[in-house]
Amino acid sequence: MNIIELNNVTKTFGKVTALDNISLNVEKGKVYGFIGPNGAGKTTTIRIMLGILKPDKGEAKLLNKDTWIDAVDIHKHIAYVPGEVSLWPNLTGGEVVDFFSKLKGNSNKEKKEELYSKFDLDPSKKCRTYSKGNRQKVALVAALASDAEIYIFDEPTSGLDPLMEKVFQEYVYELKKQNKTIFLSSHILSEVEKLCDVISIIREGKIVETGSLNDFRHLTRSQITVETKDEIKDLHLQKGVYDIETVGLKTTFQLDSYKFGNIIKFISKYDITKLESAPPTLEDLFMRHYEK
Amino acid sequence: MRKQYFYNVWKMTKFIFKRDKIRLLIWVLTLVLFDMMVLPSMNTMYPDQAARDSFRLVLENPAMIAMFGKGYGLENYTFGAFYAHMMYLWLGLFNGVMAIMIVPKYLRGDEEEGRYEMIRSLPVGRNSNLLASMIVIIITFTSFIIFKFLSLIVLGIETIDFAGTLNYSIGLGLIGILFAMIVAAISQMYQSNRTVMGVSFFVFLGLYIMFSIGILSSKVLLWLSPFQWLLHSQPFVNNIYWPLMIIILVSIVLAILALYLSSKRDLDAGLFKQKTKAHKTKEYIKRPFGFALRLNKTMIIGWLVACLILGASYGSIFGDLESFLAGNEMLANILPPDSEYPAAVIFMGVIVMVMGISSTIPAVLVMNKVATEEKKGRMEIIFSHPVSKKEIACSYFKIALITGILAMFVSALGLYLASSTVMDDNIAFSIMLKAIMVYIPSLILLLGLSLLLTGLIPTKIWIVWLYIGLGFFVVYIGQILGLSETITKLTPFGYAPQIPVDEMNWITQIIITFVGLVLGYLGLIKYQKRNSL
Ligand SMILES: Nc1ncnc2c1ncn2[C@@H]1O[C@H](COP(=O)(O)OP(=O)(O)OP(=O)(O)O)[C@@H](O)[C@H]1O
Ligand SMILES: [Mg+2]
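For the record, the sequence lines run as chains Y and X.
Under the working numbering, the first residue of the first sequence is numbered 18, with each subsequent residue one higher.
Under the working numbering, the first residue of the second sequence is numbered 10, with each subsequent residue one higher.
Source of the hints: derived by calculation from the structure; they are not laboratory data.
A few of these clues could be false.
[What the hints assert, rightly or not] In silico BS3-like cross-links for lysine-lysine, where the CA-CA straight-line distance does not exceed 27 Å: (1) Y:Lys-223 to Y:Lys-71; (2) X:Lys-384 to Y:Lys-149; (3) Y:Lys-256 to Y:Lys-267; (4) Y:Lys-119 to X:Lys-20; (5) Y:Lys-71 to X:Lys-384.
Only chain X is shown next, with the shape it has when bound in the complex (with noise of 0.2 Å):
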C-alpha cells in the first residue's frame, strides 16, 4: 500500500474526534460507570463463600453455562472469580455492541449521505479516512482500558486485584477494537451504513451462538468464537495474555483485510453489488400500506430467517441439556421440587423469554422508520400525496405488529424444528407457541411507545432502544443479580408469565395492552399535529 493512500490521515483523525467526541465519551463512560455501579452491589449482595458456592450452582446449569460460559476458578470461587463469571462475557458482548452501533457512521455514513465525496476530492488518501476512524476507535476504547482499569481500582475490593483488574479491563477494550476492525471489513464489502450494520449484527450473534453451542458441545465451535478469547483470559484467576493475543492478531488481520479492500475499491462501491431491479411498479405498492410493505420488505425477511436461526439454535442445545440433566443429580435437585415440568421445559421459559424480546426488535425497526425516514426527508415526498398522516402511521404499525407476531412464531417454529429432532422426549410445538405469543402485549407497548415518541420526540426515537435494552438486561441477567423486582416491573417483559409453568395473567397483560394503544393513539394525535422535520 502506498504511503499516498494515507494522507492527512491525521487530520481526518482530528476531525472525526471533533464531530463525535461527545458521543464517545457517553459511551466511554456509560460503560465504565456500569460496572462502578455493579460492582458494589454484588459485593454487598454475595459477601461470603457461602452465598456465592450457591450461586454457582444455578450458573451450572446449561442454560446459564451457555450464557455466561462455564467460568473459572471454581474450585476457590473467589469474589474476583465470581464477578468475572458473572459480568467478563456480557460486558464483553456490551463493547462489542459499542463498536457496531459507533463504526458503521464513519465510514459509511458519511459516504452515503455523499459528505465524503468531497473530502475525497481533496489531498486525501483513500485509505485515510478508513485509519483515521480505526485510530479513533483505538484511542477511545484505550481510554475505557484506562478509565476501567482505575475505577475498579478506586472501589478497593480485596480480590479485585491490579492484575487482574489489568487482565480484565484490557481484555474488554480488546474485544471492542476485534469488534469495530470486524466491523471495518463489513464496511467494505456493503455499500449501505444500514446494511453494514446489520450484517456487523448478524456476525456478532452468529459469534455469540457459536460460543453459546460450542461450549456446551464442540470445542472447535467454541474455539473460533472470539468470546472464547476473551474470556480464557480468565482475569481475577489466572490473568492469561495469550488468548488477548488471539485478539489483536485477529484485529490487526482484519484492519489490513479492510485498509486492503478499500485501497481498491471505487467510492459509494462494495463488494457485493446491490442489486438493479426490474423498474415495474407493482399495484400494492401504491398505497402507504403497501408501500411501508415493500419499503421494508428485505429487512422483515432478513429478520424472519435470522430468528428462525435463533430459535433452531437455541432448539439444537436441547438434546444435550437432556444428557447433561440425567447425568447430574445436583443439578436436578436444584430446580424447583415440586415442579411438575421436566427441566427442559423450565429451561424453555428462559430460552423464550429471550426469543421474545428479539422478536420485538424488527417489530420496533418498522415503527420506528415512520421517525427515522421522516429525519431523513423521505416522508415529504410521501405527505405531498393525498395520503394522511394518521394512514401512514397506522399502516406502519399494522405492518411492524404482524412483524413481530411472525417473529415470534418463526423463532418457536425453529426451536421446536431444532428440538424435537434432537430430543427424545421432544416438547410439543403449541407449548411452545404459547410461552412465546404471551410477548404480544410487551410488544404492542413497545410499538406505541415508539409511536408516542413519533409524536412528541422524533429525533429521539432512540429511547426505544434504550427501553429495551434495560429490559432485555433486567430480565436475563437481572435476576441473576438479584435486582429487585421493582427495577424487573419497569419494563413489559417483566410482567411476562413463564408459559406454562407460570400461570396465564390475562388481567395484567391486558393492561399492558391497553396501556400500548393509549400511549400509541396519544403519539398519533401529536404527529397528526405537529410540524414535518
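Chain Y on its own, in the form it takes in the complex (with noise of 0.2 Å):
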C-alpha cells in the first residue's frame, strides 16, 4: 500500500518553478531518502506533502488523503521536522514540546523524558538560549515522542554533532523495526545509505532518479586498480571501461558495473598481481548528477 503518493505535481512561485510534474510513492513501512542539491525542491516536496502549499496540479496523498484538503485528519498520525526550526524566545524547550504534544492530542511523558536524556537536551531553559542544533532537539523530542504513522524528516540532523546524529539514526531504525513509514531529505549521504530503502533524487524541480542503493550501484562504476606482470593491451577498446590511467604496469580505470566480469575476465590474461575495487558510493552518483 502506498502511504506517501505523490501524482504529477507541478507547484510555482512566480516565475520560479520549485517542482516540474514529479511523482513518487513510498510503501508502507519503508525509509525513503530524498537527495539533491540546494534548491531542488526538497523542502517545497515536503510542504506539498504537509499540506501546507496547494500544488498547481497535479495530486498528493497521504494515507490515501488529499493533503490539502485533508490536512488535519492527515496530521493527526504524521510527525515532522523541519530543517530550520524557529521557536518563540519566550518559552522553555520543555513548554514546545508539551504545547506540540497537546496539539497532536498524545502525549508520553516517558518517552519524552528519555529522549531528552539521549539528545542531552534541558528542556527548562528558553528557546532564545538554545543554539540551532538544540532547537533542532527539541523539534526531534516532539516528533519522536508522538505516536505517528508517518514520519518526515527535512535535513533533520543538519546542525546535529556526530554523536547526536548517530542517536537520531538509532530511533530511524526503532521506528523502521515498528513498521512505520519515514520520508527523510537530507544532505548527508553516508545517513542516506545508511538508512533508506528508497533512494530518490531530485534535480531542478525533477526527479531524476529512484531506486534502491543497490539499483544505484548497478548504474554507477567502480573504481578498478589492477597490476599486471604484462601490459594491458587494447583495453580502451573494451565497453564500459572510462577514464584508464597506466603507470608502468599499474593501471587504473573506471568501470561500469554491469561490465564487471567481462572485464575481470579480459585482464585476468595478462596475469595479476594486485586488483583493487572501490565500490561505488552514493557520492559518486550523487556527485555525477549534482554536476550540471
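Join the two chains, each given in its own frame, into one complex according to the hints.
What follows is the structure in C-alpha cells.
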C-alpha cells in the first residue's frame, strides 16, 4: 500500500518552477531518502505533503487522503521535523514540546524524558538560549515522542554533532522496526545510505533517479586499480571502461558495474598481481547528478 | 469553510495568551489608566460652564475641527460632552494603534520566522491561528471595555454617567477590534510582518486624513471613515448605538474576508507577491553606507511619498480655511489680535508641527535598524567582514539624517503644492520650508537617543518610539489639555518655535543639536565596546 503518493505534482512560485511534474510513491514501512542539491525542491515537496502548500497541478495524497483538503486528519498521524527550526524565544523547550503534543492529542511523558536525556537537551531553558542544534533537538523530541504513522524529516541532522546524529539514526532504526513509514530529506549521504530502502534524487524540480541503493550501484561505476605482469593491451577498446590511466604496469580505470565480469576475464589474461575494486559510493552518484 | 479549518482553535487561543498575556495586559492597563488620569485633571481644569464654553470657541477653529471633529452637544456643553469632544477620537486613534501594534505579530510574525510551519504540520486547521488571534483580540478589547467602564464609573463625575460611559467604552473597544480586523485582512495579503504593519499604518493614517478632510469639506468622505462612525455614537450626549453597529458589521465582513483569504493561501504566501529582483550587485552596495541604503531604500521612498501625501492633504484644507475664516468673525477674534500674520499662517504653524514630527519617523526607523537588525542576527555576518561597527553606525546615522531632512522637505513641498492651488493668497514655499526645518535639531536629538539606546540597551530600542509618542501627544493635544510648560519641555518638539509667528531661538536649538550629538557619541562608544547580541 502506498502511504505517500504524489502524482504529477507541479508547483511554481511566480516565475520559478520549484517542482516540475514530480511523482513519487512510498510504501508502508519503507524509509525513503530524498536527496538533491540546494534549491532542488526538497522542502517544497515536503510542504506539499504537509498540505501547507497547494500544488498547482497534480495530486498529493498521504494515507490515501488529499494533503490540502484533509490536512488536519492526515496530521493526526504524522510527525515532522523541519530543517530550520525557529521557536518562541520566551518559552522553554519543554513548554514547546508539551504544546506540540497537546495539539497532537497524545502525550507520552516517559518517552519525552528518555528523548531529552538521549539527545542531551535541557528542556527547562528558554528557547532564546538554544543553539541551532538544540532547537533542532526540540523539534526532534517533539516528533519522536509522538505516535505517528509517517515521519517526515527535512534535513533533520543539519545542526547536530556526529554523536547526536547517531542517536537520531538509532531512533530511525527503531521506527523502522515498528513498521513506520519515514521520509527523509538529507544532504548527508552516509546517513541516507545507512538508513534508506529507497532513494530518489531530485534536481531542478525533477526527480532524476529513483531506486534502492543496489539499483543505483548497478548504474554506477567502480574504481578499479590493477597491477599485472604483462602490459594490458587494448583496454580502451573494451565496452564499459573509462578514464584509463597507466603508470608502468599499474592501471586504474572506471568500470560500469554491469561489465564487471567481462573485464575481469579480459585482464586476467595479463597475469594479475594485484586487484583493488572500490565500490561506488552514493557520493559518486550524487556528484554525477549534481554537476550540470 | 470547512470545520476542519478551525481544528484546535481553542488550544491555539490559549497558546497566544500564554505567550503574550503580559504584553496585552500592559496595553490594556495603559489605555485604561490614561483616561483615569486625564479625566480628573480635566475636571479640575475646566470646572464650570464658562471655562468650557471659552474652550469650545478654540475648538471651533478648522484646524482643531480637522483634528478633533466637530463635537456634539455644543449647545449644552456639559463636562461629558466636552470630555468626549476632547478625548473620544484620540483614544479611538490610540486603540487603533494598539491593534496595529499587536496583531501582525500573531498573524505574520510567527509565519515569517518559520515558527508557524511546525504548528501547521500538527493537526491544526488552516484558519485556526487566524481565528485564535481574532478571539484573543476580541477578549482583550472586551476586557478593555469592562475595565474602562468600571474605572470611569468609579470616578463618580456627575455628567460622566452610566449610559454615556457604557457607550464611550464600547465605542473605543469596538474601534480597536475594527482595526484588528483590518490588520487581519491586510496580513493575508502581504508576506512580511513589516509590510503588514506599514500598510496597516498607512490605511490608518489614510482613514484619519479622510476624516479630517471630510469633516471640513465632504460628507461622503467623512462617512467613509470609521472614525466618524465612532464619533457619531455621541457618548455622554445622545449615546447612539447604530453607528457602533456599523463598526461591528464592517468588522465581521473584514473578519470573513480574512478567513476566506487565509483558507485559500499557501504558507508564507500573500495575495501580492514579493518581487524577485535581478541578481546583479551594484557597486554602491558593497560598502556599509551603500548596503544600508539598499536595505532601507524601499522603506524610505515609501515614507517620502507618505510625507508628500500628508503635506498635500493638509494643504488642501487651506482653501476651506480661508472661506471659513472669512465668514466667521468671532473666530477671527480669538486669534491673537495683535498678530501681524494672516490666520492661514498661524494655522500652518500647527500643521507643520505635525509634519515635522512625522518626518522624524522614517529617520528613526532607519537609525533603529542598527539595533533591530542586530537583534535579528543579521548584523553578525556584516561584522565578520572587515567593517568597523563605527562605520556601520555612522552610515546609518547619515542616512537617517538625510532621510529626515528629505521627509521634511517633501512634506513642505506637498503642503505648498496643494495649498497654493486652493488659496487665493498663498503662502510662500520658503516660509513653509523654514517653518519645518526648525525640527532638524529635534531630529538629531532623537537619532542621538536611538544610538545611545543601541549602545546601552539595544533590546529596548522601542523607548525612542515611546519618547516620540509622548512628544507628539504633549505638543499636539497637550496644549489644549493645558498641560504645564514643564511637561512640553520634556521633549525636543516643545522647544521648536512656530516660524514665522515665533522668533527663531538659535541658542536653544544649537543646544538641542549638541545634546543630540553627545548622546549619539556616547552611544557610539558604548556600541563599539559592547558584545554583540
Ligand atoms: N515561498 C517561495 N517563494 C518563492 N520561491 C520559492 C519559495 N519556496 C521555495 N522557492 C524556490 O523553489 C525552489 C525550491 O526550493 P526548496 O526550498 O524546495 O529547495 P530545497 O531542495 O529544500 O533546498 P535546500 O537543500 O537548500 O533546503 C528554489 O528555487 C526556491 O528559491
Ligand atoms: Mg530545504
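Outcome of the hint check:
Restraint check for Lys-223 (chain Y) and Lys-71 (chain Y): satisfied, since their Cα atoms lie roughly 18 Å apart, inside the 27 Å limit. Pair hint Lys-384 (chain X) plus Lys-149 (chain Y) holds up; C-alpha atoms about 16 Å apart against a cutoff of 27 Å. For the hint linking Lys-256 (chain Y) to Lys-267 (chain Y), the alpha-carbon distance of about 20 Å falls within 27 Å, and the restraint holds. Distance restraint check for Lys-119 (chain Y) and Lys-20 (chain X): the Cα-Cα separation of roughly 8 Å lies within the 27 Å cut-off, and the hinted pair is therefore satisfied.
Restraint check for Lys-71 (chain Y) and Lys-384 (chain X): not satisfied, since their Cα atoms lie roughly 33 Å apart, outside the 27 Å limit.
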